[in-house]
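Participant: Make the complex out of the two chains shown on their own, each in a separate frame, by following the hints.
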Amino acid sequence: MSTKSISHSAQLAKRRLLKAAVTGGAALWAGQGYKLFAAAKPDEQPVTSAVRWGLLVNVSQCGDGCDDCVTACQAENGWGSGSSDEQQSNALQVAQWMRKLDVHNPLDGSTFSLPLMCQHCDSAPCVDVCPTGASFKRADGIVLVDRHTCIGCRYCMMACPYKARSFVHEPLFDQRAHQPRGKGCVESCTLCAHRVDKGKQPACVEACPHGAMVFGDVNDPNSEISQQLAKVSSRELRKNLGLNAGVRYAGIPVV
Amino acid sequence: MFDWRMQLQQAWPIVGLLLLFIGSVFAHEKANEVELSASSKAAKLEACAAPTEDMRRNHMDYLFHKRDQTMYKGIRTADFSLRECIDCHVSRPVADEFVPINAKGEFCESCHEEVGQKIDCFSCHRSTPDEH
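Going down the list, the protein sequences come from chains A and B.
Just so you know, we're using this note's numbering here: the first sequence kicks off at 1 and counts up by one.
Just so you know, we're using this note's numbering here: the second sequence kicks off at 256 and counts up by one.
A few of these clues could be false.
[As the list claims (entries may be wrong)] List time: in silico BS3-like cross-link candidates among lysine-lysine, alpha-carbon distance up to 30 Å:
id	chain 1	residue 1	chain 2	residue 2
1	A	LYS183	B	LYS359
2	A	LYS100	A	LYS239
3	A	LYS198	B	LYS299
4	A	LYS163	A	LYS200
5	A	LYS198	B	LYS328
6	A	LYS198	A	LYS137
7	B	LYS328	A	LYS239
I should point out that these hints are in silico values taken from the structure, not numbers from a laboratory.
Chain B on its own, in the form it takes in the complex (with noise of 0.2 Å):
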């Protein structure tokens, strides 16, 4: 006869692979959560031109959605503006010196590596404020 308990007893051990699994992921999301640079303006903010949440998840629709405001209809305001972001980002570890936000380590780079995402940006614009 099938026994249930028998059955119980010997996945246990997979119970528990699968707890650990589930475990690991959470545990690696916790890890993805994008460390503001101390030095930067942004780490003196509580929050950005969006609630942090949804920046994680939509700043690449927000940025694509102002540059092409920005570029075809000349609307130059602040919010979702690359260079805004760049400004408020960048780590200033000296006054009046910045590290490129691309650079490894930083705001951009270091969660875009994470995933895998190759960032474009910075072939064309520039990584630190402009001190002109």
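This is chain A alone, in the form it adopts within the complex (with noise of 0.2 Å):
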């Protein structure tokens, strides 16, 4: 080996040791804030199935107009107001990869709302048609869209019977580093798969200011979200379906 590689791994190493522990002081830091749900898994170890992450929203305490947890998702993910999202496209079609849908029961005059995004269901109809295997579900149960294999066919879409998907008609740029989008693949909620692997919890249970909303790993019955699943009563939308989705709600009125 010349002296100049070996010069040149001293420095990578110590630009890495550098990094580490300028990153290990910002996690210190920041941790104090978190609701630490777990130890944080090593970047270069792989997700494995031993966890599954889950969300609970509890409506009763999801405020009336508050939409603050879609406003942080579009901040973190870079979609919607602020961004560069399709301009010329009809509204209806521009990308939400969270709604807060206020629900009316015309019988008792009762209404709620709640936050509707994908839900990662165990057994997700949009894996199950993508054509091309795009669509996929990690073994920690995210389900994700590869966009380097998508190719825009919109069969999940049609699929998802929560309506969780969305298709970029536009060239966009600006995006965020942590999250590429663009024209011609359908994309949703990726439970902040970026904010997760580093052990941190989605951007919209960060940000909900009711604590609405409990995320977690639903195979640790010590975790928080487990404890609350056992203690208050919660469903799957659409539970007919058997999807045995990732995203549970508690508090939605019995009609």
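Facilitator: Here it is in structure tokens:
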């Protein structure tokens, strides 16, 4: 080995050490504010099926007219307001990774509102119908689209019973570095996989001012979400479809 | 009778042309070496995530491998991540100001244009570091 290449590796090692020290310090500092749900997975380790990420939304705590979760999702993933999203397309067709729905019961006049996004189903219809395998489920239960393989056929959009996916019709620019998006591909909520992999919570959960969302590992009986699921009565939307959704809702009035 | 000397004398121009041709190939090769932008972080480092020669020839395979590792397995290390490539190789004429890495004459585009390879990365990926 030449002296030159030794100095390469020394320099790289120094760079990495410095980076590790800086990120470690930042994590220590940031950790104070987070409800830590589990030790963060080391970066070089793959996700495993020992974990299944889930989300519990307590609808009774969810603020009427509040859409902080949606705004946080937009800012984190670079879609919707403030982004370069579709200016010329039909307003009904623009990206919506997450929606705040107001549900109204005409029989008794009762209303409630809930955030609706990809439900990260265990047996996801979008994964089932995808002709190229672009729509897939990660080992830890997060359902994603591999844009490199997506041909934009939109079968998954038709298959999804929650209308959780969108299609990008126009060239985009100024995307977030951690969230590539582009014309001709289908996209949806990623459960903030990039944050989860770093041991953080999804942006919507962190942003909710009412504490109505709990995120965590449903396979771990000691996680906050598992304990909440055991304590409060919750349900899946469209349970009749038998999809075993990763997102559960509590406090939906029984009709 | 067949005169070899005569034949050789006639062949000199051809040999000369051949030498010129070979020389021009090497000259071309030399011109093909990608100039690192002086204002990039990369210009201040001695090596990339792999030795420069290796990166020149195999960066696409490394990127493809890494992208699948990240997307399917959630492995988010820095080496061979496109985001890190951009962060390190992008021109920074002024602090916190970047020239898109796929702009004409920039690191990715200069070489890809030369070899006639269209880069597809930046229809989805951001071509500058994220300032957020």
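Participant: Confirm or reject each hint.
Facilitator: Status of the hints after comparison with the structure:
no. : hint                  : verdict
1   : A/LYS183 <-> B/LYS359 : holds, 22 Å
2   : A/LYS100 <-> A/LYS239 : holds, 20 Å
3   : A/LYS198 <-> B/LYS299 : holds, 29 Å
4   : A/LYS163 <-> A/LYS200 : holds, 27 Å
5   : A/LYS198 <-> B/LYS328 : holds, 13 Å
6   : A/LYS198 <-> A/LYS137 : holds, 19 Å
7   : B/LYS328 <-> A/LYS239 : holds, 29 Å
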